[in-house]
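From first to last, the protein sequence lines stand for chains F and P. So in the working numbering, spot 121 of the first sequence is number 130, and the numbers just go up one at a time. So in the working numbering, spot 268 of the second sequence is number 1232, and the numbers just go up one at a time.
It should be emphasised that the hints constitute simulated quantities derived from the structure, not laboratory data. Accuracy of the hints is not assured; some may be wrong.
[To be verified] Here are the computed lysine to any residue pairs in the SDA-like style, where the Cα-Cα straight-line distance is at most 25 Å: (1) F:Lys118 x P:Arg1006; (2) P:Lys1248 x P:Lys1179; (3) P:Lys1124 x P:Lys1179; (4) P:Lys1092 x F:Lys95; (5) F:Lys95 x P:Lys1149.
If you're wondering where the values come from, they're calculated on a predicted model, not measured in any experiment.
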Amino acid sequence: MEQLLSRLKAIEPNKEYRERSRVLILNSQQISYPTFFNRILDTIQYGAAYSLAIIFIFLLVGGLSMFSRGIYSPAVISNLDPQTLKEESENFDIQIQLSQAEYYENSAKTIEIALNATSDEIKTNNDKERLDELLKELTL
Amino acid sequence: MNMICNVNFKKLFLVFTASLFLGLFSPFSRIYAQENLKSVLREVAGKIEGIGEIENNRLLTDEQRGQREATARKEALGKIFDLTLLEDKDLKNKLNNLENLSEDQETAREILLSIFTENENAYQEMQKRLAAAKTLEEVKRLAVDFKNWRNIVYSPKVEKIISFVLVFQQQKTLAIAQERLAKIKADLEELENSGLVTKEDTDNLIQIAESSLQKAEEINKQAEKNNIQIINQSLYPQNMARSLLEIFGFKNSEPPKALVAKSLGKIKIAYAAFLDISNLVKDKIQK
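Extracted from the complex, chain P is given alone in its bound form (with noise of 0.2 Å):
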């Protein structure tokens, strides 16, 4: 009996210890993360300023150039797969990190999840051809290959996952931001209460504050239509396509991003207003 109790406290110690490890350092792994690919991002331009230095180089011969190039060229293609391969880390740990999602929002996610699968093909593909590659006309076309997969598949699934993130987030801050207002309103009600404030003095002030917030909410519900519609077209063809912009009543055309930008926005006039009242309840109570 002692023993299962102490089997059962040591792991009851251990998962304590482990959330609150998580919980102190998972903003600081954030930032590490994020400092992480800066910092390849730097070796990256390193790299080309390195090729370019070559390039320069009167004192060298065309072949002694040439091998030196091959090389440098190599070297910065290796840089840019690794950063590449940190950014898809990244974005995983994102979309992972994700918690409470609705059921729209979980098939949202697994589909988003499922880019990393076939982006590992791509990746062990370049890395085989780049291994391979031995003269300085294979790895420059292996530079084309690897910015035209880039261009045409890569990004525009980054684009989508980072849009599906921010939309998600927002929506974490809108709570925050509704409850806010919630305690404001009640802390209002009682100095109404103590006949310190009325409410003809802070009433225009909540209507800003509420229709702010309403707004925000609004834009950001637009956002995740676009979001799903923009994931959807790219799994569909395109009657398929058409036909999910009458389910999700797909009229706006702006970008998801946008659209979070411009939700944080009435958010913020949200909380200029909330600052506004602080300032004349204190007015009013210094009176």
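Same shape as in the complex, but just chain F (with noise of 0.2 Å):
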């Protein structure tokens, strides 16, 4: 028995097999374990061409003069809004003092009317009317 083992450890591949055994091993598929950083970058990898494809096909079927069109829109430019247009004439505030101009003018003639009452200096019976007419026209 002893014998027998010792034959048997001595045997060996011949010198043709153990090269093309080494050169099979050598050239089969090697299993790696990814690491973290691999597996966000292959994440990125496939969100990246799925954009990239999802952009392509938006230009395909003419998103582009849409695109363009979209940010022209005068509602994205503010400068030409017309609702901040017609907001900006009319609340100057020019406007306002305006009519605060047209108060003391109002006001003028109010008082003249009430010291002429006043006074007894000038009367007209229709006082209060013109008192009245000039109260509504008060613009303030």
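Assembling the complex is the task here: the two chains are given apart, and the hints tell you how they should meet.
Shown next, in the form of structure tokens:
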């Protein structure tokens, strides 16, 4: 039995078989376990690929012209937005001031009538009506 | 060190809070001031109505009527004094609230502010007379004097102050309109570069806006010249006023307020052109 084992120990593959086996093993696919960084990189790659594909399809179906028109629509360009222009022209401070100037004109007339009535200097029958009219005209 | 920081922080906080408060509520305080004037003016009208009712009351004896009339007229006159004082305060605020004035404008403002000191003397005199007035005739005489003072002294001064404030405020409006024009022109350039509109599409409207704003500025400058001329005329004798006429090139006799309204009309034309440009661009983009 010992002799048999010693003989078996001496068995070796021939040179051709050894070289062929080595080439086969070295050329076989290596199994490697991905790192965390590699996984993220893979995800980004897939995401980028999908996004590019979607953009490409969007451009193919005429999205380019829609995109440029969307950017330049008056609603987006606030300087040309009709509502902004209208509001700006209607709310000028000078308009408020002009209406206040009208108040002072109106007030001068009202007080003149009131002082005429108080002094009894110029007596008119329709002082009340004139005063009511002037008060209605107040544009403050 | 910590204490100094705390004190500074408290000061900053107070300044910040005060600025925020003033910023938020100053438009409201202005509206409140104007509403207050309007309500006192209504009270004056109410007092006058009261005088009419006493005059027409047939149930009163002549003596009763005389006494009640004197009281009612005195109250009406007192209310008119109050209103004049309120108007004075409002006008003074308007002048004091003007910011970034040029040297000439600052001088004009100082002249106009001195009006209020002159007015105060007149009010004190009138108040004394009103307090002392006992008879109906005395009250009536005071009303006549006050009316004359208002017509000859007060109203022309008010007109000068209002015109000065209007002309100055309009310069701010013009700056806003010019800024809007510049922004629109920049946007149109971008749109032209992208091929969405051509220069020819908007050229005419831009020219209308530009020339209207230029005209608005010219009219405003004329209004300012007229204003300074009017203010100076009231301070210097006739021959001096003539020389000022040469200095400021005063030709247009239109009142400054009318010129401000005319200039505002031109600004409105520019804004109508801006709206037309907006609609045109919208149409071009939607095509």
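Tested hints:
Note on Lys118 (chain F) and Arg1006 (chain P): the hinted pairing holds, with a Cα-Cα distance of about 13 Å set against a maximum of 25 Å. At roughly 30 Å between alpha-carbon atoms, Lys1248 (chain P) and Lys1179 (chain P) are farther apart than 25 Å, so this suggested pair is violated. For the hint pairing Lys1124 (chain P) with Lys1179 (chain P), the CA-to-CA distance comes to about 23 Å; that is within 25 Å, so the pair holds. Taking the CA atoms of Lys1092 (chain P) and Lys95 (chain F), the gap is near 52 Å; set against the 25 Å cutoff, the hint is violated.
Using a Cα cut-off of 25 Å, the hinted pair Lys95 (chain F) and Lys1149 (chain P) holds, with the two alpha carbons roughly 18 Å apart.
Hint check: violations occur at hints 2, 4; the rest are consistent with the structure.
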